Amino acid sequence: MPTRRTLLLLLIAHPAAAQAPDLDTLMAGLAAIPSRQATFREERRFGVLDQALVSTGRLTYRRPGYLEKATDWPEAERLVVDGDRLVLTTGNDPPRVVDLGGQPELRTLVDAIRGPLSGDVVALRRAFTITAGGTAADWSLDL
Numbered sequence: 015m016p017t018r019r020t021l022l023l024l025l026i027a028h029p030a031a032a033q034a035p036d037l038d039t040l041m042a043g044l045a046a047i048p049s050r051q052a053t054f055r056e057e058r059r060f061g062v063l064d065q066a067l068v069s070t071g072r073l074t075y076r077r078p079g080y081l082e083k084a085t086d087w088p089e090a091e092r093l094v095v096d097g098d099r100l101v102l103t104t105g106n107d108p109p110r111v112v113d114l115g116g117q118p119e120l121r122t123l124v125d126a127i128r129g130p131l132s133g134d135v136v137a138l139r140r141a142f143t144i145t146a147g148g149t150a151a152d153w154s155l156d157l
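No gaps in the numbering here: position 77 of the sequence shown is 91 in my numbering, and each next residue is one more.
By construction, these hints were calculated from the structure, which means they are not laboratory data.
Careful: at least some of the hints might be erroneous.
Simulated DEER-style distance windows between Cβ atoms [stated by the list, open to error]:
hint : residue 1 : residue 2 : range
1    : Thr-104   : Ala-42    : 16 to 22 Å
2    : Arg-58    : Asp-36    : 26 to 32 Å
3    : Arg-110   : Trp-87    : 19 to 25 Å
Source: prediction; values computed, not measured.
C-beta: ideal position from N, C-alpha, C; glycine also.
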């Protein structure tokens with residue numbers, strides 16, 4: 015099982031509720047949205063570094079399996095996943111193409127992003143132990 019990662023997704027708004035959202039209800043709501051776009055701020059923490067590595071950019075998702083992560087800072091990078099095909103372009107380098115069918119570890123990382131966006135609770139449960147927290151308007155998933 016992959017290490018626990020906290021994935022904060024504030025991509026849609028629901029009416030506020032005092033209790034933590036039910037995971038299946040939350041994921042069903044996400045699955046009903048055919049596409050979405052949001053900005054992101056990602057922090058990666060490593061034991062050997064004193065500070066987190068921060069990046070910012072945009073996420074685009076379209077059903078059934080298109081995901082684009084366009085990083086603007088600190089370095090331009092574009093990651094596009096369409097079905098089982100991943101294309102990564104960094105700066106002016108030529109694109110690198112990967113078949114996710116032959117890369118189970120990489121597929122797990124992609125599913126960690128694509129699963130919540132698509133509302134695919136089955137794929138998330140296959141790879142992670144999931145806990146939903148917060149409120150319906152300001153929720154988080156702990157993977």
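request  = For the range 19 to 25 Å, tell me whether the beta carbons of Arg-110 and Trp-87 fit it or not.
outcome  = The hint (19 to 25 Å, Cβ to Cβ) holds, given that Arg-110 and Trp-87 are roughly 21 Å apart.
request  = For the range 26 to 32 Å, tell me whether the beta carbons of Arg-58 and Asp-36 fit it or not.
outcome  = With a Cβ separation near 30 Å, Arg-58 and Asp-36 satisfy 26 to 32 Å, so the hint holds.
Thr-104 versus Ala-42 beta-carbon gap, inside 16 to 22 Å or not = Given a distance of about 36 Å, which is not inside 16 to 22 Å, the answer is violated.
Checked against the numbered hints listed earlier, the structure breaks hint 1 alone; every other hint is satisfied.
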